[in-house]
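Join the two chains, each given in its own frame, into one complex according to the hints.
This is what each chain is made of:
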Amino acid sequence: MPRPPNASRQTHLLLAALLEQPRSWRHGYELAKQTGLKSGTLYPLLMRLSEQGLLQSRWTESDQAGKPPRHLYRPTAAGLSLARELCANTTADRVQSKPLKVGA
Amino acid sequence: MNRLTWHRLLAQKLLRHAVALLPPDQSSWAGAMRIEIQYIEDDREALSWAPGSFRACLTERLRIWRPHISAHSLGILWIVVFMVSSAYNMSIAVAARLGYQRTASALGWWMKDFQYDRFAQFADSIPIGLFALMGLVVLLFTASLKLNLRNRPAAFATFCCALGLSLVAWLYQLGIPAYLQAMSSPHRWRIGICFALTASVLGALRLLGAPPNSSIQRLE
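Which chain is which? The protein sequence lines are G and C, in order. Sequential numbering from 258 applies to the first sequence in this note's numbering. Sequential numbering from 175 applies to the second sequence in this note's numbering.
So that you can see chain C by itself, here it is in the shape it has in the complex (with noise of 0.2 Å):
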């Protein structure tokens, strides 16, 4: 019995996250492209055949997502946003808390005089429910992406959970006075800047997605 090459392993099980991907309506594509790689000789070109196979699944999946993306993008840019900020902002607190002063100063080498230390200054006065608390939003959020891709229901119901407990977590950081100095005017702008490229990364996975022809013109 002939053995696989690690190539055709490697194409084999991309193909396999790849129809993953697609809706159950679409599956007779993705049985499609899965299969047509068995037919595929050469061990190399069906490692080259894979990844276009991945984009297209992937392409395929954003075209469908659209309509959600642009009815979900204000909470999805909202716990993106509050994601991504809140692992910077801990980044540079572990980094300053733990001893390693180059990387936290790295980090916060855009700041005015590198006052990265109010980062960790926030992050002590955090409670260890708040943490908790924005372990859960990334978990829920993960899981609600995970949900949407397998086109199950129950990724609405999970993705609003996420939401909702993010902004309970973010209302809950208003509260803490070291947020506040943290967050203090000066630096407001760089929230600005995060909110506009996650837009405009947002943006362009929806023009990614976008079908070639919108309008479609059948000919009789």
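Chain G with its partners taken away, still in its complex shape (with noise of 0.2 Å):
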């Protein structure tokens, strides 16, 4: 059976950080160090989710001296809903998978 799109654990990741502040522009060092990711998974991720719409990205000016113009990214609002619906997906699932306590 193919595995559903955005399904893997690391795009959870992503999106559940870009969720975290959903409005503001963030780096890719900055999620690489939020998520645990290594820049070899997340700059693919990055790009494929830009493919799909579900990013925006930008370049902006550096507030440090010298400094080239830094790329920023952030969800777009169908990447925010996709984040939201696979967080709640996760919870829902966490809450199901608990053991039940007989007894207790």
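What you were told as hints is all true, and nothing was included just to trick you.
Which residues of chain G face chain C? A few of them, derived with a C-beta cut under 8 Å, are:
{"#": "1", "residue": "G285"}
{"#": "2", "residue": "P301"}
{"#": "3", "residue": "K324"}
{"#": "4", "residue": "R327"}
SDA-like cross-link-like pairs, simulated, lysine to any residue; straight-line CA separation at most 25 Å:
{"#": "5", "chain 1": "C", "residue 1": "K187", "chain 2": "G", "residue 2": "S319"}
{"#": "6", "chain 1": "G", "residue 1": "K295", "chain 2": "C", "residue 2": "F228"}
{"#": "7", "chain 1": "C", "residue 1": "K320", "chain 2": "C", "residue 2": "Y262"}
{"#": "8", "chain 1": "G", "residue 1": "K290", "chain 2": "C", "residue 2": "I209"}
{"#": "9", "chain 1": "G", "residue 1": "K290", "chain 2": "C", "residue 2": "R182"}
{"#": "10", "chain 1": "G", "residue 1": "K295", "chain 2": "C", "residue 2": "S222"}
{"#": "11", "chain 1": "G", "residue 1": "K290", "chain 2": "C", "residue 2": "G205"}
{"#": "12", "chain 1": "C", "residue 1": "K187", "chain 2": "G", "residue 2": "H284"}
{"#": "13", "chain 1": "C", "residue 1": "K187", "chain 2": "G", "residue 2": "L288"}
{"#": "14", "chain 1": "C", "residue 1": "K320", "chain 2": "C", "residue 2": "H191"}
{"#": "15", "chain 1": "C", "residue 1": "K320", "chain 2": "C", "residue 2": "G226"}
{"#": "16", "chain 1": "C", "residue 1": "K320", "chain 2": "C", "residue 2": "C334"}
FYI, nobody ran anything at the bench for these hints, they're computed from the structure. By construction, the Cβ of each residue, glycine as well, lies at the ideal position given by its N, Cα and C atoms.
So this is what it looks like as structure tokens:
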């Protein structure tokens, strides 16, 4: 059976991180530190989400002198609804998978 | 002025090569990865960031390349097997002729009675022109790979030239009795193994390059 899109644990982690500050623009290094994902995993995910219209990106001037503009990311409305949906599903799964306490 | 440490220099060098892998329409991502490293204060952390970015660029490159791989896979398979088997045969022949019998014997350990000298006979009977042709095939194939990575339209023409010339070289070899002797029936299975190994490497590359979300589901 094919795996549903955006079902990987890494995607969940990234979307959950983006959901924490949905309105603010985040850079790759910050997202990598927050999610614990390596750059080799993070950037392909960012590219894929961007292709799917779930993420928007932009360049912004650096506030540090002599540093080049930086690429920033923020979830789109579709990205946010997907992130909320996935987080809700994950929470529901956790509740369901909790063993029932008998005689407690 | 602060001197760059070797960690950072190495990381920057690695990223410079990594971003060259991505096609121009992905250049903003390539730039993003390259610039991000400048904001990482710790040099060792920057060095650990670079291989990941390199892998990301390579994965992306392979994903884009996937349709081309499927279209050209047979040709690539043929050329790779041709080059690898030629290099192998030549290594045995050169080792035998230079008197490194132990090396030649080690390379041909799997053959019945260590009959590696058959490759030496075969190499002796190859005219210099055929060696030059084989060298040209290797050069053209390497050039086509490089051009393909840079998305140049000449890549396909170069690849076709390499393929055509490798076929010519192979047909020429078929006319050499020593070649037929070297490739006699008890050892034909090794050609099959060679093809199977190459096919599995190409297959693995294809799988590695496959997009994680093949069916894109957009949420409205």
